[in-house]
Amino acid sequence: MPTTEVTLVLSDWTKGNNGKKFELPHIQMTSPIVEVKKSVIQALDASDLKPESILLFIGSLVLRDDKLLKDYNKSGRSKLSVDVYERVDLNLKVKTLQNCGAGACVCIPIWSFLCRQTINVTIASHETVGDLKQRVAEELDDPDRYSADKIRLTFNNNMLFDDSQVLKDVGMKNNSTVTILVDCCYWAKPRKQANKPAGDAPPKEEKEAEGEQEQAAVEGSAVDPSVEQVQGSVEGNGDDPQNNTEQEAESKPAPPSE
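For the sequence shown, the working numbering puts the final residue at 960, and the numbers step up evenly by one.
Please keep in mind that the hints were generated in silico from the structure rather than gathered at the bench. Because the structure is a prediction, the values reported are computed rather than measured. Among the hints, a few may not be true.
Computed cross-link-like contacts, PhoX-like style, restricted to lysine-lysine with a CA-CA straight-line distance of at most 25 angstroms [unchecked claim]:
| # | residue 1 | residue 2 |
| --- | --- | --- |
| 1 | Lys740 | Lys795 |
| 2 | Lys722 | Lys797 |
| 3 | Lys772 | Lys740 |
Estimated spans, in silico, between C-beta atoms of each pair [what the hints assert, rightly or not]:
| # | residue 1 | residue 2 | range |
| --- | --- | --- | --- |
| 4 | Lys795 | Lys772 | 49 to 59 angstroms |
| 5 | Asp791 | Met861 | 16 to 26 angstroms |
| 6 | Asn858 | Leu816 | 19 to 29 angstroms |
| 7 | Gly873 | Gly778 | 30 to 40 angstroms |
Glycine included, each C-beta is placed from N, C-alpha and C at the ideal position.
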């Protein structure tokens, strides 16, 4: 008969605890990991902790919130040993370094050290190198040139080839600096500016342009009274020069008779 419940043997490494042991029985195998975390917090009597602020490990494998407990107990064991850690976020500085090379063969001009950009990334210490590459790719927002599988990162003068390596195992700490190799003359644009079509005018400029057009239309519809009088006289006289001459002759006084 398949196991429907499991007992979790917890090792508490939170708040300076040195692996203090607890047992948490009668946990359903179909429970989502996020619900298991809530039960663990109650067992540890740590009401100040939140499910998103703790990590559960079985060996070196982190239990993901979107998974079920049975996904980590394929063999149907009645007891599982789980390590409990507090989540640690790392604020990393990813600096660009322009280069002329491909793969592991890299040629770095001296001047490239004078024109570096810094990308700030916040990521949990239990995430992997592949996760970090994905975050950097999202920040660059240039999938044609710098997708996660095309990004090359170095840390402590070592190329990070293994995407499965955990960041804390690589030696990364808070405020660590990671280098991303980019093409020569490459300059990353801010994400908002990069996502915006080049032909779009800012809303403020559009409103100003519309206002100018409306003002021009109003000015064009207004007519100076003096202009109206001149136009009226021209329309009354007509455009034919012969008519104008006849009118002038009629208006002249007749010469006196001798």
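Results of checking the hints against the structure:
| no. | hint | in the structure |
| --- | --- | --- |
| 1 | Lys740 x Lys795 | 33 angstroms, violated |
| 2 | Lys722 x Lys797 | 40 angstroms, violated |
| 3 | Lys772 x Lys740 | 17 angstroms, holds |
| 4 | Lys795 x Lys772: 49 to 59 angstroms | 40 angstroms, violated |
| 5 | Asp791 x Met861: 16 to 26 angstroms | 25 angstroms, holds |
| 6 | Asn858 x Leu816: 19 to 29 angstroms | 22 angstroms, holds |
| 7 | Gly873 x Gly778: 30 to 40 angstroms | 38 angstroms, holds |
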